[in-house]
Amino acid sequence: MAQLPKRTVYAVKDVLNDLKKIGPTPSILGRIGSELIYSEWMCCKDLLSDDHPVTSNLHDLLQYMENDYEQQLVSGELWRVSDTPQAALNDFLKGRSEEFL
1 MAQLPKRTVY
11 AVKDVLNDLK
21 KIGPTPSILG
31 RIGSELIYSE
41 WMCCKDLLSD
51 DHPVTSNLHD
61 LLQYMENDYE
71 QQLVSGELWR
81 VSDTPQAALN
91 DFLKGRSEEF
101 L
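Residue 23 in this note's numbering is what sits at position 23 of the sequence shown, and the numbering runs on without skipping anything.
I should point out that these hints are in silico values taken from the structure, not numbers from a laboratory. Ideal Cβ placement from N, Cα and C applies to all residues, glycine included. There could be a bad hint or two in this list.
Across the chosen pairs, the derived CB separations fall in these ranges [said to hold, decoys possible]:
1. Gly-76 to Glu-99: 19 to 25 Å
2. Gly-23 to Arg-96: 18 to 24 Å
3. Gln-3 to Leu-48: 21 to 27 Å
4. Glu-98 to Asp-18: 34 to 40 Å
5. Gly-23 to Ser-75: 19 to 25 Å
6. Ser-49 to Val-74: 18 to 24 Å
7. Asp-18 to Ser-49: 15 to 21 Å
Make the full structure from the sequences, and use the hints.
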């Protein structure tokens with residue numbers, strides 16, 4: 001099992017890198033999304049606004065974690081040996097702003 005570093009502060013990139021080490025199932029990814037990312041998204045909505053880039057990226061991440069990853073598996077988009085949870089998370093991160101990460 002992968003060893004995760006002890007942290008007192010997390011950035012989105014840290015959470016996703018730790019998830020890549022774990023290789024989460026769709027249910028674990030959904031749970032982390034609904035419990036952690038949802039909370040951060042709601043805070044950003046209140047503090048920054050709905051249309052702020054960080055808020056919209058958190059919403060996209062929440063949607064991906066709760067629905068899209070599992071949907072990609074079910075629909076057969078992720079079927080190759082190389083289509084690991086780590087690779088799927090890397091694909092999600094491509095093109096995201098440093099401000100978000």
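Return holds or violated for the Cβ distance of Ser-49 and Val-74 against the range 18 to 24 Å.
Roughly 34 Å apart at Cβ, these two residues miss the hinted range, so it is violated.
Does the Cβ-Cβ separation between Gln-3 and Leu-48 fall within 21 to 27 Å?
Violated - the Cβ-Cβ distance for Gln-3 and Leu-48, about 34 Å, lies outside 21 to 27 Å.
Is the distance from the Cβ of Asp-18 to the Cβ of Ser-49 consistent with 15 to 21 Å?
violated, 28 Å
Do Gly-23 and Arg-96 keep their Cβ atoms within the hinted range of 18 to 24 Å?
About 21 Å separates the Cβ atoms of Gly-23 and Arg-96, which means 18 to 24 Å holds.
Confirm or reject the claim that Gly-76 and Glu-99 have a C-beta distance inside 19 to 25 Å.
Since the Cβ atoms of Gly-76 and Glu-99 sit about 34 Å apart, the hinted range of 19 to 25 Å is violated.
Lying within 34 to 40 Å: is that true of the beta-carbon distance Glu-98 to Asp-18?
Since Glu-98 and Asp-18 have Cβ atoms about 19 Å apart, the given range 34 to 40 Å is violated.
Does 19 to 25 Å hold as the CB distance between Gly-23 and Ser-75, or does it fail?
Given about 20 Å between the Cβ atoms, the range holds.
Hint compliance for this structure: hints 1, 3, 4, 6, 7 are not met, and every other hint is.
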